[in-house]
Amino acid sequence: MTSTIKDQDHALQERANHLVRQARLAAAVWTQYSQEQVDNIVKAMTVAAIENVQKLAIAAHEETRMGMIEDKILKNFVASEFHYHQIRDKKTVGIIREFPEEHIVEVAEPVGVILAITPVTNPTSTVIFKSLAAAKTRNSVIFSPHLMAADCSNLAAKIVYEAAIAAGAPKGFITWVEKSPRLRRETELMMVHPEVDLIFATGGTQLVRAAASSGKPALGVGSGNTPVYIHKSASYATTAMDVIISKTFDNGTECPSEQTLVIDAEIAPQLLAEFQRLNCHICTAEEVKKVADAVIDPRTGGMNYKLVGQPADLIAEKAGIKVNQYTKILLCPLEGDLRHHKLAVEKLMPVLGYVIVNSVDEGINRALDINYGGGTGHTAGVFSEDDDVVERFADAINAGRIIVNSPTSIGGLGGVYNNLNTTLSFGCGTGGGNITTDNVGIKNLLNYKRVPRRKNYTLTFQTTKNIYINPGSIDHLRSLKTKSAIIITSRSAARRGHLSMVMERLPADCKVDVFSDVGVEPDFSTVEKAVAVMRQSPVDTVIALGGGSVLDAAKIMRLFYDNPELKLQEVAVSFLDFRHRISVFPQVVHTQLVAIPTTSGTGSEVTPFAVLKDNNSKRKLSLVDECLLPNIAIIDANLTKSMPKEITVDTAFDALTHALEALASTFSSDYTDGLALEAMRLIFEALPETLKNPGHILWRHKLHNAACLAGMAIGNASVGVNHALAHSLGASFDIPHGKANGVFLLSTLEYNSKIPRKFMPTSTYPLWVADQKYARAAQFLGLTDEDAPGETPSREKMCVLLRRAVYDLARLAGQPLAVAELGIPQDQYEQRMIELVTGSFEDMSMRTNPALPLIPEVAALLASAYPPRQRP
Amino acid sequence: MSGENADQAVEQRRTEVLPIDGPLERGIDHIDRTLATGVNLTLDFTGCKFISVDGLEWLEELLLRSDSLGSKVVFTNLVPSVYKVFKVAHIDSLLRACGAPSQPTEPYC
Ligand SMILES: [Fe+2]
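Top to bottom, those sequences are chains A and B. For any residue, its number in the numbering used here is found by taking its place in the first sequence, counting from 1, and adding 656. For any residue, its number in the numbering used here is found by taking its place in the second sequence, counting from 1, and adding 1042.
Worth flagging that the hints you see were computed from the coordinates, not collected in a lab. The beta-carbon is built from N, C-alpha and C at its ideal position, and this holds for glycine as well. You may find that some hints are simply not true.
[As the list claims (entries may be wrong)] Listed below are the simulated DSSO-like cross-link pairs for lysine-lysine, each with C-alpha atoms no more than 27 Å apart in a straight line:
#1 Lys-1126/B - Lys-1276/A
#2 Lys-1091/B - Lys-1105/A
#3 Lys-699/A - Lys-1114/B
#4 Lys-1105/A - Lys-1126/B
#5 Lys-1114/B - Lys-746/A
#6 Lys-662/A - Lys-699/A
#7 Lys-1269/A - Lys-1223/A
#8 Lys-827/A - Lys-1129/B
#9 Lys-835/A - Lys-814/A
#10 Lys-747/A - Lys-1114/B
#11 Lys-827/A - Lys-1126/B
#12 Lys-1348/A - Lys-1297/A
#13 Lys-1414/A - Lys-1111/A
#14 Lys-1099/A - Lys-1114/B
#15 Lys-746/A - Lys-1126/B
#16 Lys-946/A - Lys-962/A
#17 Lys-711/A - Lys-747/A
#18 Lys-1348/A - Lys-1410/A
#19 Lys-998/A - Lys-978/A
#20 Lys-1185/A - Lys-1167/A
#21 Lys-1099/A - Lys-1126/B
#22 Lys-872/A - Lys-1126/B
#23 Lys-946/A - Lys-711/A
#24 Lys-1105/A - Lys-1114/B
#25 Lys-1185/A - Lys-1223/A
#26 Lys-711/A - Lys-827/A
#27 Lys-1091/B - Lys-747/A
#28 Lys-872/A - Lys-1129/B
#29 Lys-1137/A - Lys-1091/B
[Stated by the list, open to error] Looking from chain A toward chain B, a few residues come up when the C-beta cut is under 8 Å (computed):
#30 Leu-681
#31 Ala-684
#32 Gln-688
#33 Pro-826
#34 Gly-828
#35 Glu-851
Chain B on its own, in the form it takes in the complex (with noise of 0.2 Å):
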């Protein structure tokens, strides 16, 4: 499959939207069920005001693992100090979930 027909592929998938409540300090079991089951997520952070170290690590693996399923998972309605953390964090797939470019890691003006 090229490149392209892959994208579409993903782009046909039917796409769930699920909200993340209150603060992400672990991994969430229903939002792993969901993917497994090979839709597109959109997660919607409008609930979330907090994010711990081991939350960050499953969103992480999260898209790890979309990624080998190859599905997409969207970050949307993150409020400044939640997106912020993905700023600080460093990390590329975060940073590209929420539809931000890839940043540099070294710090830069």
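Just chain A, with the same shape it has in the complex (with noise of 0.2 Å):
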């Protein structure tokens, strides 16, 4: 006996491995045909199912003795000339979507191998549904029908293959499972079947509930359960019309069909008597018990399966009530709570259950009760004339279907009252335990593959309008338009006599305010504190004087000022790639913003950046925003003529150092590495001259201007890690920004000349070139190798020679190289390491360096700026 059972499933695998390594081989000799074939082979099935749909209709009916042949044929037209109609000019081969903004395009790649589970409700429509969308798709199908079903599921399938035949597919890419009694055994070993790709299951639960677990990706179906809600504002005659057509429709076997009406009282007993008027029977609460227990199964408490699709006398008769032998549809109130009421379910005939409702609340209720009785994801209709009903419905109801003022069962199918994409497979989304929600077709049964191009973004310079750039320029604040302005700036600008000069110079009939409170390290409150005094005695424009600290305040006060509303948090978020930000800038300026810097450093006054110190952490808030850069900028060496000369130093290392990383940063352009490399020149220049005589206005002139052009250039190409790790370490030490970069200048150039660990992925930056830039600001500056006298030095030497640069030029200034040399204690330094490396890595300025430092690399990078120097 075991032995028998044995050989009958080897025979049944042998069969089942026919079956699957056909559909293997003509799957790929499809992955060779062209639109146009494909094209033409899905014309020539189409034309052969047209022929026989009254055909298979009757076979269907025949074998099944389920629903009626007349609706039967429209559901072989739907499948046939409506699905063709939909998916003619669709592109299935080769690139099928092109997205030109985003710079990508789809190319189809078919699933391969399709197992197909048919239904017995609708067996020769969705064969021939699934084999119109295989072809289009060129996958190859195996056709699995339901026993009941399976010669006219078997006809179909052999009528559209032979017409595909002779139209040039490929041999077998659509088999069948031949009727017997272990067909179900035989659709278990191909659901499991290696070479089987996709299960694409319509039918009953089980099955696919089997299909979801074989591990194999499925697509299926849900059961349905479909409420309707009629607000009263329908009109109550086209809706019982409506709903006759879809709950009649072949005898109610279509799942989407209307299973239970949630009718607003206002409408009740019009609707209620045009359904009796059109031969509908209602049925007394008695009559509703007698339907109940004939159409509900008392094992499961679902629908007989023995009377789904058939026509409502003969379910009358069924259930031992009278009505005449034309009545369409039982319609049964539903009393009592309707949750657990017998003929709340599924019901695949002419049986419609009802309830009537007070408000719309109520209605959605009632549906939602319907809805989550069995058929979540499914299908649900809503009758209005008001659409915010509507909208309200299908925000509630969980259903990939939310069919409005039309029949559910015809309007789910698609094509015919609405433009749905034509299916006979609903998919029910993860409330019906499907992966999609949608009228499931040619689009489901395709790989897409995405072929993005790269990136392009569009580049531009931005940075102050206005720039005033001699000396003596100061005096363009005498034709200034302003009739009330606000200088913001530091005490010590007073005392150098700066304020001053600005208060001679604006018009006379301006109202001036001044707001000295700014301290070496603004916080949020040293903003808010001058937006209240520019609210108590409002401005027309902001004339921020000093150094950096000073300026970049000065711009998040006029941001702060032009908009009220606006919080610190929305705008001060950290980001990777500016262009991505998640900070919105209010893009309003009514106030204008004049920038005099007194010291030749941070170049603030020509960039779009601003730094605030961050009370709550230790960290400093970024804001970048266009909307930050200055409208005017006076660039004028008189006011740096007294800067002392450690400032002096400090802020032109800054600079330099800003040149320097703008150079070589991924953002970097041929605007800013010119501005760069001029920049360089002129600190190089320009500082030691200045050293020697502080008073000469020529080389404060060339040192101001510098810090400037280095200010344009990172205002664009932004900067890199030596500035996280100054900024790093400026916060645990407080250490003055000039001289913090300095101590890791020589470390930094070092390890940005070398060919990286680590790329940064930056579209922007295709090719790392930072040892060239370097090389070529070597050659800028002029600088030869006095060891090796009028020989042309290596890229590699350049770098070297750069950095001889730097450390000559810091000497001669006195500028500390080495984070000793700052006189913090090396013990105290060490501990606070792991502050050191995340506080740099929290950096933005990190971003935008030609290599994506590591972790152990930046630790390497602040231990080596320890120890003092040896030249390079």
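Now that you have both chains on their own, put them together as the hints suggest.
Here it is as structure tokens:
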């Protein structure tokens, strides 16, 4: 006995292998077909199906004894003619979609071998539908029909297959499991067959579940239980007719068809009267009980499968109630708690429940009871002239199709009453245990190969519009268009005489306030204080007079003055790429900002950056946006004449670092390179001269210009790892910015001139050229190798020469080049190493460095910066 | 004969190079006949841009026959669209004739 079963299983497995192998070879051959060949084949299949719609409808009705021939003809037309109409012009071979703005194209790849399970309720139409879909997408399909509909299903498959072969399709691309008592077992074997790529299951819940648990990709359907809410605004007459068309379609076998109506009390009397007039039977409470006993299987609580697709009079007879033979639907009022009513389930026959409700809320809630009572994700309907009601209904109900003012069954099929994709397979999403809520079709039978082209950013160069650039240009203030200005400055500006230089030159009729409380590291409370002053006495102009902190603070003050609703958190979110940042800056600028730098360092007068101390953490908040750019910058070296030597050198080293980092940045461009190179050249030339003769305006002027040029360079190219380290050190040990930059310069220049361990992934930086950039800088500065005069230095040597020049300049200027020289004890420095590394990584400057610094590399850079330097 | 000796015997046979010109829609008699003479075959696919299901089945049988005859059949110069047909067909003998390693039949990545 055991061996017999084994033999049978072996024979079944052989049959399964044979079917799958045919399908597999055909799938391979399909890959060579063009769109034109495919379209010709699909057309031939459609023609053959249309020629046989009636023959197949009769065959289906005879075999299954379900539904109505007339409606099965319509279903066959939907699966062939309507389906073809919809897919005819769709591309399914080669490039099928293009997204020019995203620089992406989609290329089709067939899924391969499809195991298609087809139902008893729509046997021939489903086979026609899936065959056309498979051919259109160059897939093979093996049909496993429902046992009770196997002959008509396989007949349909044979008809379309023969037409396809005559039109040149690959041999064996459609196959089917022959009717036999072991059909189900054979199907199960194929569900787990390694050569089946996708299961496309339409049919009973058990099979769909088996498909989903086969471990293969599966397209399934869920069970339905369609609620239809009829709002008082609907037309009762058209609603009644639509519901009748839908619920009687193929005697109710269509799973999206209406199961329970939820009717507003205001419209119920007319609607029910209309149903009666059109020959629907409204059951009494006693009859409802009888119908329920007949159509509900007491063992399962679900519908009695023997009555699926039977006409209303026959069902009435089985239930023992008298109706006339032309009765269309048995309408059953569902009294009591709907959730517990026996008839509140799916009934694929002309038996329709209804409840009456007194409000939209109640209506949607009762519809939810049906929707979540076995039909989640499937289909629902709403009749309403009030769009708001439709929207609320659609928002609440979980259904892949929410059909409005039309029949849900034919409406769900798509193409006849609406523009839904034509289907005989209704995806129910996760609510129904499916992967999609689509009307499943060709779209779901393809693999989509996305081909993205490299992102091409529009690069731009932005800076302050009006820049006055020579000594004495502060005189521009005399012609400044302002009636009320506030000068934002620090205490030292008054001491150094800068404040009076500005006040004297402002127009006589201009009301002037002064806010001079900006300290070394302003925080948001400073901004708030200044903005409060400005609100008390409104201004049209903000004049920022001072070093980098003053200029940065004034930029933020102007932003918050112009945008009273703005929150700091909204604009200070960290980001990887400023083009993708979350922060949204208001683009409203009412107040003009005049920036007058009194140091030659940050270049803040021409950058869209502003840094603020965050009192909650140790870190600094960086704000970046074009709207922060000042409108006017005045680069007047007369304001720097009294700058002490130490600050002169510190700020010059900040500017030099800007030039060096902008040059190597991943965002550098020809525009920023020119600025960076010239800024460097000016600093190397003018700083030693200024130190020799601090009062000489020409060299001060050159230094002042250098800082501004370097500012324009970083304003567009940003900085790099050196600034990240400097910010971290500055925050931990309170070191002035220029000094903090200086101590890392020799380490980072060396680090960035070596082939990175990890390149920086940036679309706009396709080639690592940091070493070439440094070599070009050395060449531009005219650096020569004193050890090998007359020889052309290698690129590597040029990088060394650049570091040597930086070393020599620092030594000449007395600028520290190592952390030890800042007076920070080694043990303290080492104790805070983790904090320093973390702080560096949080810094945005890191992200435009030409190499992506690794954590150990950052630690090594920090460590190497401690001991005093040797000349490179 | 040890495996090594058998391999040597195959290597020592004469090799005929035969082109497959045009679409391979069915078996090619003269190739069958040439194989039967006991030579090794190199099938040159330079001129072949399409293979049908029958063509695939014939190639598979040809390889089976060559195995039983103790000779060797090698495919060369396949255009990508034809090579892909072999890849999708998952027929190990065809892939080996192209010099490709055996391929797992389950989807993998
Ligand atoms: Fe800086």
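Right, here's what the structure says about each hint:
Of the supplied pair hints, the one linking Lys-1126/B and Lys-1276/A is violated, its CA atoms being roughly 57 Å apart against a limit of 27 Å. Of the pairs offered as hints, the one joining Lys-1091/B and Lys-1105/A holds, with about 23 Å between alpha carbons and a cut-off of 27 Å not exceeded. With a C-alpha separation of about 44 Å, the suggested pair Lys-699/A and Lys-1114/B falls outside the 27 Å cut-off, and the hint is violated. With a C-alpha separation of about 16 Å, the suggested pairing of Lys-1105/A with Lys-1126/B holds against the 27 Å cut-off.
A threshold of 27 Å between alpha carbons decides the hint, and for Lys-1114/B with Lys-746/A the separation of about 46 Å lies outside it, so the pair is violated. For a cut-off of 27 Å, the pair hint linking Lys-662/A to Lys-699/A is broken: about 44 Å separates their Cα positions. Distance restraint check for Lys-1269/A and Lys-1223/A: the Cα-Cα separation of roughly 16 Å lies within the 27 Å cut-off, and the hinted pair is therefore satisfied. In summary, the hint linking Lys-827/A to Lys-1129/B is supported, as the alpha carbons are separated by about 18 Å, within the 27 Å threshold.
Taken as a hint, the Lys-835/A and Lys-814/A pair is honoured in the structure, with Cα atoms around 14 Å apart against an allowance of 27 Å. This hinted pair does not check out: Lys-747/A and Lys-1114/B have alpha carbons roughly 43 Å apart, beyond 27 Å. Straight-line distance between C-alpha atoms of Lys-827/A and Lys-1126/B comes to about 18 Å, which keeps the hinted pair within the 27 Å bound. Proposed proximity of Lys-1348/A and Lys-1297/A is supported: the alpha carbons are some 13 Å apart, at most 27 Å.
About 21 Å separates the Cα atoms of Lys-1414/A and Lys-1111/A, which keeps this hinted pair within 27 Å; it holds. Of the pairs offered as hints, the one joining Lys-1099/A and Lys-1114/B is violated, with about 44 Å between alpha carbons and a cut-off of 27 Å exceeded. Using a Cα cut-off of 27 Å, the hinted pair Lys-746/A and Lys-1126/B holds, with the two alpha carbons roughly 24 Å apart. A threshold of 27 Å between alpha carbons decides the hint, and for Lys-946/A with Lys-962/A the separation of about 16 Å falls inside it, so the pair holds.
Pair hint Lys-711/A plus Lys-747/A does not hold up; C-alpha atoms about 31 Å apart against a cutoff of 27 Å. For the given pair, Lys-1348/A sits about 36 Å from Lys-1410/A by alpha-carbon distance, which is inconsistent with the 27 Å threshold. The straight-line distance between the Cα atoms of Lys-998/A and Lys-978/A is roughly 21 Å, inside the 27 Å bound, and the hint therefore holds. Note on Lys-1185/A and Lys-1167/A: the hinted pairing holds, with a Cα-Cα distance of about 19 Å set against a maximum of 27 Å.
Between Lys-1099/A and Lys-1126/B the CA atoms are separated by roughly 23 Å; this keeps the pair inside 27 Å, and the hint holds. With a CA separation close to 23 Å, the supplied pair Lys-872/A and Lys-1126/B stays within the 27 Å bound. Distance hint between Lys-946/A and Lys-711/A is unfulfilled; the C-alpha atoms sit about 37 Å from each other, more than 27 Å. Distance check on the hinted pair: Lys-1105/A and Lys-1114/B sit about 37 Å apart at the alpha-carbon level, beyond 27 Å; violated.
Between the alpha carbons of Lys-1185/A and Lys-1223/A the distance comes to roughly 15 Å, so the proposed pair stays at or under 27 Å and holds. With a C-alpha separation of about 25 Å, the suggested pairing of Lys-711/A with Lys-827/A holds against the 27 Å cut-off. Pair hint Lys-1091/B plus Lys-747/A holds up; C-alpha atoms about 23 Å apart against a cutoff of 27 Å. Of the pairs offered as hints, the one joining Lys-872/A and Lys-1129/B holds, with about 20 Å between alpha carbons and a cut-off of 27 Å not exceeded.
Restraint check for Lys-1137/A and Lys-1091/B: not satisfied, since their Cα atoms lie roughly 77 Å apart, outside the 27 Å limit. Interface hint at Leu-681/A: satisfied, since its Cβ lies 5 Å from the closest Cβ of chain B, which is below the 8 Å cut-off. For the restraint placing Ala-684/A at the interface with chain B, the shortest Cβ-Cβ distance is roughly 4 Å, inside the 8 Å limit, so the hint holds. Nearest Cβ of chain B to the Cβ of Gln-688/A: about 5 Å, under the 8 Å cut. The hint holds.
Against a cut-off of 8 Å between C-beta atoms, the interface hint on Pro-826/A holds, since the closest Cβ of chain B lies about 5 Å away. With a cut of 8 Å, the hint placing Gly-828/A at the interface with chain B holds, because the nearest CB-to-CB distance is about 6 Å. Hint status for Glu-851/A relative to chain B: holds, with the closest Cβ pair at about 7 Å, below 8 Å.
In summary, the structure is inconsistent with hints 1, 3, 5, 6, 10, 14, 17, 18, 23, 24 and 29 from the numbered list given earlier, while agreeing with the others.
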